[in-house]
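Protein sequences appear in the order of chains A, B, C and D.
So the first sequence is numbered by the UniProt record's numbering: it starts at 1 and just counts up by one.
So the second sequence is numbered by the UniProt record's numbering: it starts at 1 and just counts up by one.
So the third sequence is numbered by the UniProt record's numbering: it starts at 1 and just counts up by one.
So the fourth sequence is numbered by the UniProt record's numbering: it starts at 1 and just counts up by one.
By construction, these hints were calculated from the structure, which means they are not laboratory data.
C-beta: ideal position from N, C-alpha, C; glycine also.
Hints are supplied without guarantee of correctness; some may be wrong.
[Unchecked claim] List time: in silico BS3-like cross-link candidates among lysine-lysine, alpha-carbon distance up to 27 Å:
1) C:K118 - D:K26
2) C:K26 - D:K42
3) D:K42 - B:K16
4) A:K16 - C:K126
5) D:K60 - C:K44
6) C:K21 - D:K60
7) A:K32 - C:K118
8) C:K44 - D:K26
[To be verified] Derived coverage of chain C by chain A (criterion: at least 3 residues anywhere in the stretch with Cβ under 8 Å from a Cβ of chain A; other residues may be distant):
9) 53 to 60
10) 106 to 118
11) 121 to 129
[What the hints assert, rightly or not] According to the in silico footprint, chain D covers these stretches of chain B (three or more CB under 8 Å from chain D):
12) 40 to 53
13) 65 to 77
Residues per chain are reported as follows:
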Amino acid sequence: MIHVLLFAQLQEAVGKDSLELQFTSITVSDLKQMLKEEYNVLSIDQAMTAINEEYAQGDTVIRDGDTVAFIPPVSGG
Amino acid sequence: MIHVLLFAQLQEAVGKDSLELQFTSITVSDLKQMLKEEYNVLSIDQAMTAINEEYAQGDTVIRDGDTVAFIPPVSGG
Amino acid sequence: MRQSDFWITKNTISIESVVEKVVRPKAGAIDTFIGTVREFTKGKRTLFLEYQAYVPMAEKKLTQIGTEIKQQWPDAKTAIVHRIGHLDITDIAVVIAVSTPHRADAFEACRYAIERIKEIVPIWKKEHWEDGTMWIGDQKEQQTYPGGKPSEEDLT
Amino acid sequence: MRQSDFWITKNTISIESVVEKVVRPKAGAIDTFIGTVREFTKGKRTLFLEYQAYVPMAEKKLTQIGTEIKQQWPDAKTAIVHRIGHLDITDIAVVIAVSTPHRADAFEACRYAIERIKEIVPIWKKEHWEDGTMWIGDQKEQQTYPGGKPSEEDLT
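Same shape as in the complex, but just chain A:
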């Protein structure tokens, strides 16, 4: 099981703040592609990805038990 966290415009586009997905392993890029198609959220392309609270690259493999967060361009301050 992979825990997915969504924030800001992604959260509103998907209509949920988290998802539980039945993968044992998937790359960041593939997961993004899957979500883009499933929920029609094009803006996920602009989002950074964090695995277990650390930024990760597109080719990083997400494993069972990981928490993945999609992070739209930030605007703190």
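Go by the hints and put chains B, C and D onto chain A.
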């Protein structure tokens, strides 16, 4: 009458925080010279001068009723 | 008193509570940056804002900024708090405090901290304007990330 | 609330009381500089400090610095308070707050203010060290003024 204000090391050197002097007019430079000799305060040469709370040049004439302050190098902050 | 020097809060931020974390005998200078909610941005009127954060990661990234500052300015001590939730005009959204022995470093390190917050800390601002709402991104006006990721340099 | 935004006090300075003078809807950024009493300077240990001011002129010159900032950064609002009398290690000697619509100006104007304080505001610091006392001058490490006066540029 000219009112003279002294601060910091000048105040301690002269032993007073103010003086009343019987001049009707005198330049800043002449007043400094006079005080330097009278009180042996060489450090007055490093002091800036303010007349009525505005900085003044050495050739400015101080007049009866003016308040003159000698301002050693400042160290606020 | 709270343990960490880097935190997210839903409550009003007390500036003194942030500054007191960096006051110390070694320091003669403290620079603080305070971000407040501005009413007008490019002619558009903001009614209020909503900040959202990925809280545990945001606190981790704020802590990382403190570590980065320590590496560049070894004598510096940093504290940062960011508020989330509903904020009205003039409310304080963020307070950064950096103390150093001498003032030039405090200014530079504090400036560094606010720039880094806008790069790497997962916090989002939703503008509530008179005529609609929008999640604001990309305050630094960087390009979007083609690979969906910032460069190594941005993140480390 | 006090009328002026530029003042000298004998009491403990509340940072919030200075910041609240510059908070406003137009501003999104506030930079503050806080000067505190440092224990060690070039290896010498300070026990406490004594600040003296030519109060009415000092308040006038602080006000002038606010005016200078307004000329260079028209959207800025500034408040400055300086404490005098006996100050212990870590006590706050000065607080400057500058608010602007955008952050770069706040940092620059605040930095400008502290530099100008050290040039033109008649306030003096007496160090009380373990082994003696001294009035400190010339923090900017400028030359002494041969004519007993700073240049026009320094004063206007």
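Evaluation of the provided hints:
For the hint pairing K118 (chain C) with K26 (chain D), the CA-to-CA distance comes to about 21 Å; that is within 27 Å, so the pair holds. Between K26 (chain C) and K42 (chain D) the alpha-carbon distance is near 11 Å, which keeps this suggested pair within the 27 Å criterion. Simply put, K42 (chain D) and K16 (chain B) have alpha-carbon atoms about 32 Å apart, too far for the 27 Å limit, and the pair is violated. For the hint pairing K16 (chain A) with K126 (chain C), the CA-to-CA distance comes to about 17 Å; that is within 27 Å, so the pair holds.
Taking the CA atoms of K60 (chain D) and K44 (chain C), the gap is near 38 Å; set against the 27 Å cutoff, the hint is violated. Simply put, K21 (chain C) and K60 (chain D) have alpha-carbon atoms about 33 Å apart, too far for the 27 Å limit, and the pair is violated. Restraint check: the Cα-Cα separation between K32 (chain A) and K118 (chain C) comes to about 23 Å, which is no more than 27 Å; the hinted pair holds. Our distance criterion of 27 Å between C-alpha atoms is met by K44 (chain C) and K26 (chain D), whose separation comes to about 12 Å.
Look at the stretch 53 to 60 of chain C against chain A: 6 of its residues bring a Cβ nearer than 8 Å to a Cβ of that chain, three or more, so the hint holds. Beta-carbon proximity to chain A at under 8 Å applies to 3 residues in the stretch 106 to 118 of chain C; the threshold of 3 is reached and the given coverage holds. With 6 residues carrying a beta carbon less than 8 Å from a beta carbon of chain A, the stretch 121 to 129 of chain C meets the three-residue requirement, and the given coverage holds. Remark: the stretch 40 to 53 of chain B is confirmed as covered by chain D, as 8 of its residues place a Cβ nearer than 8 Å to a Cβ of that chain, reaching the required three.
With 8 residues having a beta carbon nearer than 8 Å to a beta carbon of chain D, the stretch 65 to 77 of chain B meets the requirement of three or more and the stated coverage holds.
Violation of the numbered hints given earlier is confined to hints 3, 5 and 6; the remaining hints are satisfied by the structure.
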